[in-house]
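Q: Sequence:
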Amino acid sequence: MGAILWSLENFVNTLLDIVVIKTGIVISEYNLIELLNESFPEDKTFHNYSKRKYNAVRIRSEEFDFYCWEIRKKLGELEKNIQPYFIGNVNTMMEWFDKGFDPTKVASKLIDIMSDFHDNENPKYIDPNLVLEKAIKDKIAPIPLILEMFKSIVENQKLSNTIFPVEQINWDGGTELKELFKKESLPKKTSDFIEQKFINYLQANPEKLEFMHWRNFERLTAEFFKRENYEVKLGPGSNDGGIDLRVFDRENLEKPYIIVQCKRNKKSNKVKIETVKSFYTDVEFEGAKKGLIATTSKIAKGGKKVASIRKYPLQFAENEEIKNWVNKMKKR
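Letter 119 of the sequence shown, counting from 1, is numbered 118 in numbering that gives the first Met the number 0, and no numbers are missing.
It is possible that some hints are incorrect.
To be verified - Taking lysine-lysine and the DSS-like style, the derived pairs with C-alpha atoms no more than 30 Å apart in a straight line are:
#1 Lys98 / Lys138
#2 Lys254 / Lys207
#3 Lys266 / Lys207
#4 Lys196 / Lys79
To be verified - Beta-carbon label-pair distances, calculated as ranges:
#5 Thr189 / Phe163: 40 to 48 Å
#6 Asn80 / Glu320: 21 to 29 Å
#7 Lys138 / Ala2: 17 to 25 Å
What the hints contain is simulated information worked out from the structure, not anything from laboratory work. The C-beta atom is built at its ideal place from N, Cα and C for all residues, glycine as well.
Work the whole structure out from these sequences, hints included.
A: Written out as structure tokens, the structure is:
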């Protein structure tokens with residue numbers, strides 16, 4: 000592997016361009032330096048960046064890739080345990096060799112087929128079904144091996160730190176990470192309540208849940224119920240009478256099945272008993288089957304106790320349950 004000699008600032012800005020386009024999350028140079036120092040605490044490359052930014056640094060290509068991968072993981076675009084540039088499971092590949100098939104040759108043939116569907120003049124994502132159909136029709140290998148190799152190629156392409164032409168064409172300008180924390184962030188797709196990239200980010204950084212903007216927490220909760228196949232009505236965010244979401248069974252849209260109150264609190268700030276009592280009256284007034292308090296913290300013991308003793312039709316989704324929601328909704 001070769002190395003490149005460039006200024007530290009040039010290296011950081013190149014890294015920043017790649018990370019922003021790959022993740023769709025816009026961060027500042029300052030944010031990137033913070034993430035690099037946090038991810039590589041023993042690496043002195045980025046220490047005192049403002050004073051050293053014009054210094055020359057020698058970065059090997061494999062080092063560059065590992066820097067990119069780590070930040071892409073931190074921003075939630077890549078799985079934390081993803082392995083770079085392995086062609087399938089090693090044991091499985093050896094089994095195929097024993098059966099007389101060379102997985103690397105199968106991968107090469109698949110790449111050739113992909114190139115047949117690629118148009119340099121009009122770059123776009125290739126339909127995987129077309130590639131697989133041709134590979135199977137041409138009988139380049141047993142179907143399980145074709146599928147295994149195709150999966151590896153796709154995963155390795157995702158790992159690539161090269162900006163492909165199709166990515167540049169489809170680039171939507173990204174979304175600033177600070178929007179998740181500073182203000183209500185409206186997703187680009189009107190059918191969504193929150194950007195998928197933010198869900199992925201929160202899954203990779205669950206400790207950030209308690210710091211997100213309260214309105215985005217309401218949107219996150221709404222997105223969860225939407226994906227559970229409910230009809231969801233998101234409240235206005237203020238003057239809502241304590242009801243943040245109305246969740247309807249699609250078979251009965253007359254009355255809400257669940258009403259939800261969202262409490263984006265710091266972990267140390269538990270939801271109090273008074274909130275639980277007050278919310279019960281809202282459930283009764285709305286005629287809902289049950290109520291749910293969703294919180295990034297916890298429900299005070301007194302609140303749970305009064306709900307249990309008085310048999311309030313209330314449920315609680317606390318911090319760990321919210322993390323489970325996010326894990327369920329991640330997409331990579």
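Q: Can you name, in rising order, the numbers of the hints this structure does not satisfy?
A: 2, 5 and 7
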